[in-house]
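Undergrad: If you're matching them up, the sequences are chains F, W, R and D in order. If you're matching positions, the first sequence starts at 1456 in this note's numbering and goes up one per residue. If you're matching positions, the second sequence starts at 1456 in this note's numbering and goes up one per residue. If you're matching positions, the third sequence starts at 2 in this note's numbering and goes up one per residue. If you're matching positions, the fourth sequence starts at 2 in this note's numbering and goes up one per residue.
Think of the hints as simulated: they come from the structure by calculation, not from any bench. What you are looking at is a predicted structure, and each value in this text was computed from that prediction instead of being measured. Hints are not guaranteed to be accurate.
As the list claims (entries may be wrong) - Pairs of lysine-lysine, BS3-like flavour, derived with a Cα cap of 25 Å:
| id | chain 1 | residue 1 | chain 2 | residue 2 |
| --- | --- | --- | --- | --- |
| 1 | W | Lys-1591 | R | Lys-62 |
| 2 | D | Lys-62 | F | Lys-1591 |
| 3 | D | Lys-126 | F | Lys-1528 |
| 4 | W | Lys-1552 | R | Lys-126 |
| 5 | W | Lys-1472 | F | Lys-1591 |
| 6 | W | Lys-1528 | R | Lys-126 |
| 7 | W | Lys-1472 | W | Lys-1591 |
Chain by chain, the residues:
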Amino acid sequence: MFDKRVQSAAEALAGLKDGDTVMLSGFQRIGAPDTLIMALIETGVKDLTIIANGTGHPGSGLAHLVEAGRVAKVICSSARGRGSEMSPFEKAWFGGKIGLELVPQGTFAERIRAGGAGHAGFYTPTAVGTDLAAGKEERRFGDRDYILETALTADFAMLRAERGDRFGNLIFHGSQANFGPVMATAAEITVAEVNHLEESPLDPHGVHAAGIFVDRVLHVPGGA
Amino acid sequence: MFDKRVQSAAEALAGLKDGDTVMLSGFQRIGAPDTLIMALIETGVKDLTIIANGTGHPGSGLAHLVEAGRVAKVICSSARGRGSEMSPFEKAWFGGKIGLELVPQGTFAERIRAGGAGHAGFYTPTAVGTDLAAGKEERRFGDRDYILETALTADFAMLRAERGDRFGNLIFHGSQANFGPVMATAAEITVAEVNHLEESPLDPHGVHAAGIFVDRVLHVPGGA
Amino acid sequence: MSNRLNRNQMAWRAAQDVADRSYVNLGIGIPVLVANYIPGERSVMLQSENGILGIGPAPAKDEIDPYFVDAGGQHVSLAPGGMLTDSIGAFTMITGGHIDVTLLGAFQVAGNGDFANWNALLANKGPLVGGAMDLAAGAREVRLIMAHTTREGEPRLVGKCSYPLTARGRASRIYTDLAVVDATASGFVVREIVEGMSRDALAAKSGAPLAFADDCRTLTAPEL
Amino acid sequence: MSNRLNRNQMAWRAAQDVADRSYVNLGIGIPVLVANYIPGERSVMLQSENGILGIGPAPAKDEIDPYFVDAGGQHVSLAPGGMLTDSIGAFTMITGGHIDVTLLGAFQVAGNGDFANWNALLANKGPLVGGAMDLAAGAREVRLIMAHTTREGEPRLVGKCSYPLTARGRASRIYTDLAVVDATASGFVVREIVEGMSRDALAAKSGAPLAFADDCRTLTAPEL
């Protein structure tokens, strides 16, 4: 029987190990799997490569993870903290203790999609002629220049969704989906924490992330 | 005010001209915009390049369009008729009167997505080492070979959906979505015929094709 | 006479190897019959490349929803926990390695796993590739179900395919009416052979050298 | 003293050029203020790259849904006809050329449309690119809203950007506190200039040659 429900965050993270690459959904804290991230800190794993849109809002799970020194490198579109104080990431980065690969946000999303769809890479017009194209192949198609961007995959993807069922299907609310559905496709093991874990299957026409992409679902009431 | 409703098929097809490239949704006749196609035949346009998954089931709009001699070339994943009798496409093709570009179905869908997302192309493992990779760049990434496939775009995309609203949002039913949502993104002008044209906006969490991609919506009751 | 398997028995045998809680795509022809014989205690999610994840049993005539058809055009129902998507969603599952097993028909297979199933070079028939190459390249495992020889007695297990290839080196197991054979780095290895057929007789019906597994067993199936 | 525009007036002026029934993405800072000044008879669909198409007015405090935030992290409502999507859907809209206009802030712009808005090379601040490069490359038209000079009086309209570029040749119009200026193949062309400022005085505040349109007008805005 398909039953992807897990009973604890520890069970949700089983198999995670030092050196893993981990995708974390969320944009402006909406859709961030903070319960899973706090549990991840508890496990003690280190040397992680984190693929997330930002480096962690103040007080967020990711900010705590970076502050705890468990992250070797972040691939993201924003590495800036808020306000005048330096963020844990900025402190680590200016201190030479953490790596950074900065990627335009659309390219970031699409590189994950390429990973999830089994494509090696794609040609995008984004960032042509800029510092973020440095070292990347540039190529002309028709009358326009493009750069080659390559796929991103991960050992784990951790998401937050509004609803889930035992088949792993997920539904998001408001602006919560953001990187969740695409990250679900690109990891060896995808774990979702959900506000509502439904007894019956979700509406098949309204599912935003298909159960085939989701390996474990943890009930974590609360938003967002 | 956003109001993409049109009152007739003729209005829905305004601007279509000889030599245009037209995407047609549908898989096994589900989701095929047959009313629009029959109206297209009425307009008399010719020398069309058709991008559709198949070359037209017996009795379908596309089969009629091919039979009427309006199609110069088809880009598709299936060019085979049903049963023992030759299809209109097969007659034209073996007679040297129509062009064919055969594409694996996943590559076909993804080339349209590349067109809709502004990407020039992508590297896929599909068809490596086969006749359908002939003339395409092959390239190794990691331990696997991929071929470069390029974007498809069109002058018009014609879709069939279950529900639409005046903003152009669409909802599909069952296996009707197939190529509709992606084709909507890849054409200069996207036209949808819908079974139900709703007075009020569709459920924003359940929209399958966003109104931004859809230019004209025609109410055509009936399935599928 | 040997106990040659019929189509249902071939499907039955292939079904015995379908794992519990797996995601499976069945090709048209004999492969779709596999769904009828998956052991009842196993839960399997059947995918169709036109956008259905979770195909259920064929519906009763009065329960047919005409919008639900599979890739072969048959009316289907939706299984609990299934979901609907579009062609992009469906092929993300396929090329992204999310389908555990695809079972396909084939014309020929070589000992190294090359196989041909899309173009039989038929007179007066247009070519049809559909999703075959995407499934062949993308599924985690590709298994074939095919008669051991042509009607004329020509081998279908060959040293080198003469028909146009679907993919190179991707077939791992072949279920025929006479045997279960693995394609391996060192060529064909027979795992099971029908009662009453000698190894030499099987070799005579094969176009490439056969090795026999140490634990090569008798291939049996119930009356079907 | 010239009638230098304040932030609201700059946003107001930019809003006057936003066409009816257009799809618009507004960057953080002054650009988001544009939403407040779009003439009431025009319908505009505002997109946010975190997955909202159709941002409505800021919600009243007791009507806030915490799951609805825009790319700047502000609570938003959903406009009628809007819809929710994920990052892939949002960036398909952006890089695919489906956004009619993006209005962005910038540090510098060159007469050929090169501009810099993502990396001010700040001490102790991590870099943030977000969706800027995707919007710059993908929107049909890119317009900038920016002070004509830095606080220290250094020109921001320059011959060549010294800050890292966001895109080459993509900015077409610049709204400053002093003028409305087009970036063209032959360099800057001033369309409007605030009352009380001479052409020479404007040129002195600009770092590259200015041409003046034959119909160069006075730039005025209501009290805001």
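Undergrad: So, for every hint listed, does it hold in this structure?
TA: Against the structure, the hints:
1. W:Lys-1591 to R:Lys-62: Cα-Cα ~47 Å, so violated.
2. D:Lys-62 to F:Lys-1591: Answer violated: D:Lys-62 to F:Lys-1591 is near 47 Å, above 25 Å.
3. D:Lys-126 to F:Lys-1528: 17 Å, holds
4. W:Lys-1552 to R:Lys-126: OK: W:Lys-1552 and R:Lys-126 at ~15 Å, within 25 Å.
5. W:Lys-1472 to F:Lys-1591: Violated, at roughly 40 Å.
6. W:Lys-1528 to R:Lys-126: 17 Å, holds
7. W:Lys-1472 to W:Lys-1591: The hint is violated at about 31 Å.
The structure fails to meet hints 1, 2, 5, 7 from the earlier list, while all remaining hints are met.
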